[in-house]
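Asks: Listed here are the chains, written in short residue letters.
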Amino acid sequence: MTMETHEIKHSTQSVCEQPSTYTLGPLQAGPYCCIPHPVIQVKALSLFYGGKCALDTVTLDIYRGCITVLIGPSGCGKTSFLSALNRLTDLVPSCRVDGTVHVEGENIFGAHCNLQQLRKRIGMVFQKPTPFPLSIQRNIALPLREHGVTRQADIQAITEQVLRDVGLWDEVCDRLDAPALSLSGGQQQRLCIARALALNPQILLMDEPCSALDPIASGVVEELINRLSGRYTIVIVTHNLAQARRIANYAAFFWVKERERIGHLVEFGRCQHIFETPSDPLTAAYVSGATG
Amino acid sequence: MSKLFVNKDKMSYLLRDLTIQVLIYSAIVCVSGVFLWILFDLIRGGSALLSWQFLTDVPRDAGRAGGISSILASTLLVLLIALLAALPISWATAILLTEFISAESPFGRWVRYSLQVLACVPSIIFGLFGYAFFSLYLGLGFSILSGGLTLACMLLPILVSTAEAGLRAVPESYRLSAVALGMSRAATLFHVLLPVAAPAWAAGLLLGIGRAAAETAALMFTSGYVDRMPESLLDSGRVLALHIFDLSMNVPGGDAPAFASALVLILLLLVINLVAMRFTYLWQRKKLNAE
Numbered sequence: 227m228t229m230e231t232h233e234i235k236h237s238t239q240s241v242c243e244q245p246s247t248y249t250l251g252p253l254q255a256g257p258y259c260c261i262p263h264p265v266i267q268v269k270a271l272s273l274f275y276g277g278k279c280a281l282d283t284v285t286l287d288i289y290r291g292c293i294t295v296l297i298g299p300s301g302c303g304k305t306s307f308l309s310a311l312n313r314l315t316d317l318v319p320s321c322r323v324d325g326t327v328h329v330e331g332e333n334i335f336g337a338h339c340n341l342q343q344l345r346k347r348i349g350m351v352f353q354k355p356t357p358f359p360l361s362i363q364r365n366i367a368l369p370l371r372e373h374g375v376t377r378q379a380d381i382q383a384i385t386e387q388v389l390r391d392v393g394l395w396d397e398v399c400d401r402l403d404a405p406a407l408s409l410s411g412g413q414q415q416r417l418c419i420a421r422a423l424a425l426n427p428q429i430l431l432m433d434e435p436c437s438a439l440d441p442i443a444s445g446v447v448e449e450l451i452n453r454l455s456g457r458y459t460i461v462i463v464t465h466n467l468a469q470a471r472r473i474a475n476y477a478a479f480f481w482v483k484e485r486e487r488i489g490h491l492v493e494f495g496r497c498q499h500i501f502e503t504p505s506d507p508l509t510a511a512y513v514s515g516a517t518g
Numbered sequence: 023m024s025k026l027f028v029n030k031d032k033m034s035y036l037l038r039d040l041t042i043q044v045l046i047y048s049a050i051v052c053v054s055g056v057f058l059w060i061l062f063d064l065i066r067g068g069s070a071l072l073s074w075q076f077l078t079d080v081p082r083d084a085g086r087a088g089g090i091s092s093i094l095a096s097t098l099l100v101l102l103i104a105l106l107a108a109l110p111i112s113w114a115t116a117i118l119l120t121e122f123i124s125a126e127s128p129f130g131r132w133v134r135y136s137l138q139v140l141a142c143v144p145s146i147i148f149g150l151f152g153y154a155f156f157s158l159y160l161g162l163g164f165s166i167l168s169g170g171l172t173l174a175c176m177l178l179p180i181l182v183s184t185a186e187a188g189l190r191a192v193p194e195s196y197r198l199s200a201v202a203l204g205m206s207r208a209a210t211l212f213h214v215l216l217p218v219a220a221p222a223w224a225a226g227l228l229l230g231i232g233r234a235a236a237e238t239a240a241l242m243f244t245s246g247y248v249d250r251m252p253e254s255l256l257d258s259g260r261v262l263a264l265h266i267f268d269l270s271m272n273v274p275g276g277d278a279p280a281f282a283s284a285l286v287l288i289l290l291l292l293v294i295n296l297v298a299m300r301f302t303y304l305w306q307r308k309k310l311n312a313e
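Line by line, the protein sequences give chains Z and D. For the working numbering, count along the first sequence from 1 and bump the result up by 226. For the working numbering, count along the second sequence from 1 and bump the result up by 22.
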């Protein structure tokens with residue numbers, strides 16, 4: 227097995243329907259300082275479940291190659307916000323979305339958005355590891371085939387590459403046919419990340435990816451997220467403030483109004499600013515542990 | 023000895039435990055006892071007559087002599103038609119109910135409610151309906167086709183509800199991650215959901231086959247009770263359950279062949295069970311692990 231860069235050529239239509247080829251290279255640690263180029267622009271996004279407002283007019287930019295953490299107490303709409311970014315909110319019949327989300331300039335709530343391409347471009351990792359009850363190999367091959375990668379050699383190359391990217395290759399290379407559910411929780415979560423990476427996304431959405439894992443597995447995944455930044459734009463929800471502080475470039479603090487139970491964005495800015503010199507007293511109280 | 027348990031408490035705890043165990047084990051003995059009793063009774067009464075010739079000969083002298091080859095053929099044909107008609111409709115309905123419309127939608131509720139009502143309808147009513155609709159209105163007469171289609175109507179509620187329950191039992195996270203990976207509904211259904219739900223679907227299928235093979239009343243009015251070998255699907259044909267009923271109620275001296283036929287029916291169901299389970303297991307393994 228080789229460590230070289232695998233060049234996989236296949237037509238990958240972007241949301242804007244432009245075919246391109248891409249290269250999967252070995253990972254490098256991402257630059258801590260990001261060029262502030264917004265890849266996702268959220269404007270006045272509101273979410274309603276069955277007519278009840280769950281998230282109130284959020285406006286923020288997600289910058290390319292950076293890690294943006296979403297923090298705040300339970301029920302403040304972080305996960306709802308995250309699932310609006312790849313339109314998983316569509317799955318909830320009673321959910322209505324107002325406002326716009328532009329990914330690379332294109333409104334994903336527009337009529338012409340290709341959902342399959344959107345979700346290929348914006349990968350998602352859930353709180354609990356969710357591998358399919360298939361073999362390790364097939365977990366990665368199935369979505370790849372679905373997106374038009376059918377050559378066995380390509381699939382194998384991508385599988386090896388992404389499993390190396392998440393540090394799972396050495397642990398599973400001799401048992402790729404084993405059921406994915408036989409892996410440990412941390413390994414399953416890394417497999418899910420690898421499965422998302424296999425589609426060569428630009429953006430990764432992570433919904434508390436470490437909260438179902440033990441501290442050691444959690445540390446491994448955190449280290450992986452750190453390595454992935456730079457090459458991918460990462461938006462991550464976490465309840466672990468120490469972790470948020472360690473990995474984030476930008477932080478968004480959400481809060482929920484006591485009486486109406488409506489989530490809203492209190493403050494968004496560079497991680498250092500949110501954690502050390504927050505402008506809002508609510509943020510200050512939350513990050514210092516005085517409330518929440 | 024710790025003070026945690028006062029001796030009296032400990033005794034009552036053990037006693038309760040013992041009572042529950044006795045109850046559970048006696049329930050198991052009752053259930054398997056009934057099955058073994060029936061099987062033993064059938065083997066005792068029917069094994070003497072059971073032979074290759076009994077299976078391959080046509081009935082003679084109203085079933086007192088000869089065999090049951092034509093009856094077996096009619097039974098299998100009726101079953102086949104019932105399954106061919108009912109399986110696609112009910113599985114498609116189950117997929118529609120779970121994957122394409124929400125559980126609370128008015129349409130979904132209405133379909134589910136009508137299936138529940140259908141499940142409560144006694145089989146004799148299905149027989150009368152089949153006779154009125156398939157035999158008279160559609161002009162199929164007393165025929166295997168008419169009997170099979172009537173059975174198909176009867177099977178719908180069982181097949182739909184078991185298949186629906188099977189699909190609902192598949193963790194929602196599989197669907198969610200498939201959508202998040204941009205996979206199509208069809209691919210998710212075929213590559214992930216169905217293989218996971220397959221054992222439940224097979225169990226439903228077996229329940230359905232069991233009910234269909236045991237059906238007497240509904241077929242009396244539709245497929246009829248002519249005991250010769252059917253020549254086409256529009257021919258009348260007598261199924262095993264009806265044959266057993268006829269031999270034991272209407273034919274003096276028909277007890278021995280009735281026992282033998284019942285034994286054949288039970289063995290047939292056992293074989294179908296084993297084959298279906300094996301097939302499901304192999305298919306599931308192939309779908310879940312094959313590259």
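Keep in mind that a hint or two might mislead.
[Stated by the list, open to error] In the BS3-like style, the derived pairs of lysine-lysine whose C-alpha atoms are separated by at most 30 Å in a straight line are:
{"#": "1", "chain 1": "Z", "residue 1": "K483", "chain 2": "Z", "residue 2": "K354"}
{"#": "2", "chain 1": "Z", "residue 1": "K354", "chain 2": "D", "residue 2": "K309"}
{"#": "3", "chain 1": "D", "residue 1": "K308", "chain 2": "Z", "residue 2": "K354"}
[To be verified] Non-contacting residues of chain Z with respect to chain D, defined by C-beta distances greater than 10 Å in every case (computed):
{"#": "4", "residue": "P262"}
{"#": "5", "residue": "L286"}
{"#": "6", "residue": "H338"}
{"#": "7", "residue": "L368"}
{"#": "8", "residue": "D396"}
{"#": "9", "residue": "E502"}
{"#": "10", "residue": "S505"}
[Stated by the list, open to error] Part of the chain D face toward chain Z, derived, beta carbon under 8 Å:
{"#": "11", "residue": "A191"}
{"#": "12", "residue": "S199"}
{"#": "13", "residue": "M205"}
By construction, these hints were calculated from the structure, which means they are not laboratory data. All figures in this text were calculated on a predicted structure; none of them were measured in a lab. Yeah, the Cβ is synthetic: ideal placement off N, Cα and C, and Gly gets one too.
Asks: State for each hint whether it applies.
Replies: We went through each hint and held it up to the structure:
no.: 1; hint: Z:K483 with Z:K354; in the structure: 27 Å, holds
no.: 2; hint: Z:K354 with D:K309; in the structure: 24 Å, holds
no.: 3; hint: D:K308 with Z:K354; in the structure: 27 Å, holds
no.: 4; hint: P262; in the structure: 27 Å, holds
no.: 5; hint: L286; in the structure: 22 Å, holds
no.: 6; hint: H338; in the structure: 16 Å, holds
no.: 7; hint: L368; in the structure: 6 Å, violated
no.: 8; hint: D396; in the structure: 21 Å, holds
no.: 9; hint: E502; in the structure: 34 Å, holds
no.: 10; hint: S505; in the structure: 34 Å, holds
no.: 11; hint: A191; in the structure: 12 Å, violated
no.: 12; hint: S199; in the structure: 4 Å, holds
no.: 13; hint: M205; in the structure: 5 Å, holds
The earlier numbered hints that this structure contradicts are 7, 11.
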